[in-house]
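Undergrad: Sequence:
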Amino acid sequence: MACSVQYFKQLVVGSVIILVVVLHSAIQINLSFYGDGKNNPLSSYPASSPPLEYSESRIRLKKRSLSQPDEESPPPSNLLTATLLKPVMTSTPFPTLTTERSYKSVLPPQTSSITIPSAFSSTLKESGKTSKHVTDWSDVPEHLFVKRYYTGNFSHVNEDLCERRKKNLTLLILVTSAIDNFQHRSNVRLTWGHYGQRDDVQFAFVVGDALLSQFNESMRHALAEEIDLYQDFIIGSFADTYRRLTLKTLHMLDWASTYCMKARYFLKTDDDMFLNIPKILDFIETIKDDDEQQPKIYGHVFSGHLPKRNESHKHHLKYDIYPRDIPYPDFTSGPAYLMSMGIVRPLFHEALKLPFIPLEDVLINGFAAMNLNIPRVDVPGFINEIKNPVELSACELYSSVMAGMTDGSAVQMSFVWYNYLMGRTICIWRRTKED
Numbered sequence: 001m002a003c004s005v006q007y008f009k010q011l012v013v014g015s016v017i018i019l020v021v022v023l024h025s026a027i028q029i030n031l032s033f034y035g036d037g038k039n040n041p042l043s044s045y046p047a048s049s050p051p052l053e054y055s056e057s058r059i060r061l062k063k064r065s066l067s068q069p070d071e072e073s074p075p076p077s078n079l080l081t082a083t084l085l086k087p088v089m090t091s092t093p094f095p096t097l098t099t100e101r102s103y104k105s106v107l108p109p110q111t112s113s114i115t116i117p118s119a120f121s122s123t124l125k126e127s128g129k130t131s132k133h134v135t136d137w138s139d140v141p142e143h144l145f146v147k148r149y150y151t152g153n154f155s156h157v158n159e160d161l162c163e164r165r166k167k168n169l170t171l172l173i174l175v176t177s178a179i180d181n182f183q184h185r186s187n188v189r190l191t192w193g194h195y196g197q198r199d200d201v202q203f204a205f206v207v208g209d210a211l212l213s214q215f216n217e218s219m220r221h222a223l224a225e226e227i228d229l230y231q232d233f234i235i236g237s238f239a240d241t242y243r244r245l246t247l248k249t250l251h252m253l254d255w256a257s258t259y260c261m262k263a264r265y266f267l268k269t270d271d272d273m274f275l276n277i278p279k280i281l282d283f284i285e286t287i288k289d290d291d292e293q294q295p296k297i298y299g300h301v302f303s304g305h306l307p308k309r310n311e312s313h314k315h316h317l318k319y320d321i322y323p324r325d326i327p328y329p330d331f332t333s334g335p336a337y338l339m340s341m342g343i344v345r346p347l348f349h350e351a352l353k354l355p356f357i358p359l360e361d362v363l364i365n366g367f368a369a370m371n372l373n374i375p376r377v378d379v380p381g382f383i384n385e386i387k388n389p390v391e392l393s394a395c396e397l398y399s400s401v402m403a404g405m406t407d408g409s410a411v412q413m414s415f416v417w418y419n420y421l422m423g424r425t426i427c428i429w430r431r432t433k434e435d
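Here the sequence shown is numbered in this note's numbering, starting from 1 and rising by one per residue.
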């Protein structure tokens, strides 16, 4: 019996090693498809890069005099500010952004027809631009509005992120993550995140620092090392919990429209999502002309959703914030959505005028977009989850999915990535054979 157990352990270890080798080989094969052309994801690296200088980051915590709110109330983002003191990577203080700007040139007209490119006319569905949803918030207390809680403070700005080797930046991807989601971030970097090495794509992880004091010294040290090594972090001063996701997303919109206006499009996603970057870039090229005339938000659109009042529900909403039992406006689902950079700032400013709804997609892509008359477009390639990647053929995954949720594990993300690479090979071979 002992021999059988030992043999089984050796078999499992051997299988894992083989899988790692296969995945590594597949990634190298995938990179070779680019050749030496301008789209080579590795061509933007200099011939000889200087070694990264590492210096231990120290954590300085400054407690404020405010009391910690309960989970149901919108939290002030400046309850606890943690500053990463980094001699190697310094950042200028984030500017206070209080001045309203004019964005009339990029906002859609109040009444106009929507023209969807013919290539997608059978699959894209635009949500209604006009709606009878809540527009009067006079019965909501003033202290429950977003502007009461958003400060725009960042402890690590990373302001030159979009200037690094990026000449013709098409797509900025900001990924929500939690401080202790080390494995999720590693999954992204080892799979679809490598497309961030292209000149037309940039991505970064966004986390909040207000709960750093709850982590031990070794975890804070690991985070500091990760920041120094990859330089793909933006750190805001807010408590990083699910009910505070609205604050995190507002920090993302604020940062993108301040430090990365050179990007043509902005995509917000989560660290457990799989992204098909080439498919998304192809989609952008298809809709860009129409989008210049009337900007939209693209993703998986939910319609007719009523607020959940049961406090045990993950998405519950209290009556003091949303006092009517009527459906939310149509909104694009939060795990992944795409928009032109020109409407990021208007959405940010509009959201500051609204009550603090902890459901960031409902607040920003629903109410704020409705108030600005920005249509939300349902794109079949944006799916909420890939429950069982085996159910999708490799070619279907490569050719049909733009964004899909995984369970966050390294096993599933690696499997989806491997299936995607195989799909790319199979689809290209089939097209070549048909031609």
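Worth flagging that the hints you see were computed from the coordinates, not collected in a lab. For each residue, glycine too, the CB sits at the ideal point set by N, CA and C. Do not rely on the hints blindly, as some may be mistaken.
[As the list claims (entries may be wrong)] Restraint ranges, calculated between C-beta atoms of paired labels, are given here:
#	residue 1	residue 2	range
1	LEU306	GLU385	38 to 44 Å
2	SER218	ILE428	29 to 35 Å
3	GLU285	GLU385	37 to 43 Å
4	HIS143	SER399	46 to 52 Å
5	HIS221	VAL411	23 to 29 Å
[What the hints assert, rightly or not] List of simulated lysine-lysine pairs, DSSO-like, C-alpha gap at most 30 Å:
#	residue 1	residue 2
6	LYS147	LYS353
7	LYS147	LYS318
8	LYS308	LYS353
9	LYS308	LYS167
10	LYS262	LYS147
11	LYS166	LYS279
12	LYS318	LYS308
Undergrad: It remains to establish, for every hint, whether it holds in the given structure.
TA: For each hint, the structure was consulted:
1. LEU306 <-> GLU385: 38 to 44 Å: With Cβ atoms ~22 Å apart, the hint is violated.
2. SER218 <-> ILE428: 29 to 35 Å: violated (45 Å)
3. GLU285 <-> GLU385: 37 to 43 Å: violated (27 Å)
4. HIS143 <-> SER399: 46 to 52 Å: holds (50 Å)
5. HIS221 <-> VAL411: 23 to 29 Å: The hinted range 23 to 29 Å holds for HIS221 and VAL411, with Cβ atoms some 27 Å apart.
6. LYS147 <-> LYS353: Holds, at about 6 Å.
7. LYS147 <-> LYS318: holds (19 Å)
8. LYS308 <-> LYS353: Holds, at about 23 Å.
9. LYS308 <-> LYS167: violated (46 Å)
10. LYS262 <-> LYS147: At roughly 27 Å apart (the allowed maximum being 30 Å), LYS147 and LYS262 satisfy the hint.
11. LYS166 <-> LYS279: Holds, at about 20 Å.
12. LYS318 <-> LYS308: Satisfied, since the Cα-Cα distance of roughly 8 Å is no more than 30 Å.
Consistency with the previously given hints fails for numbers 1, 2, 3, 9, ordered from lowest to highest.
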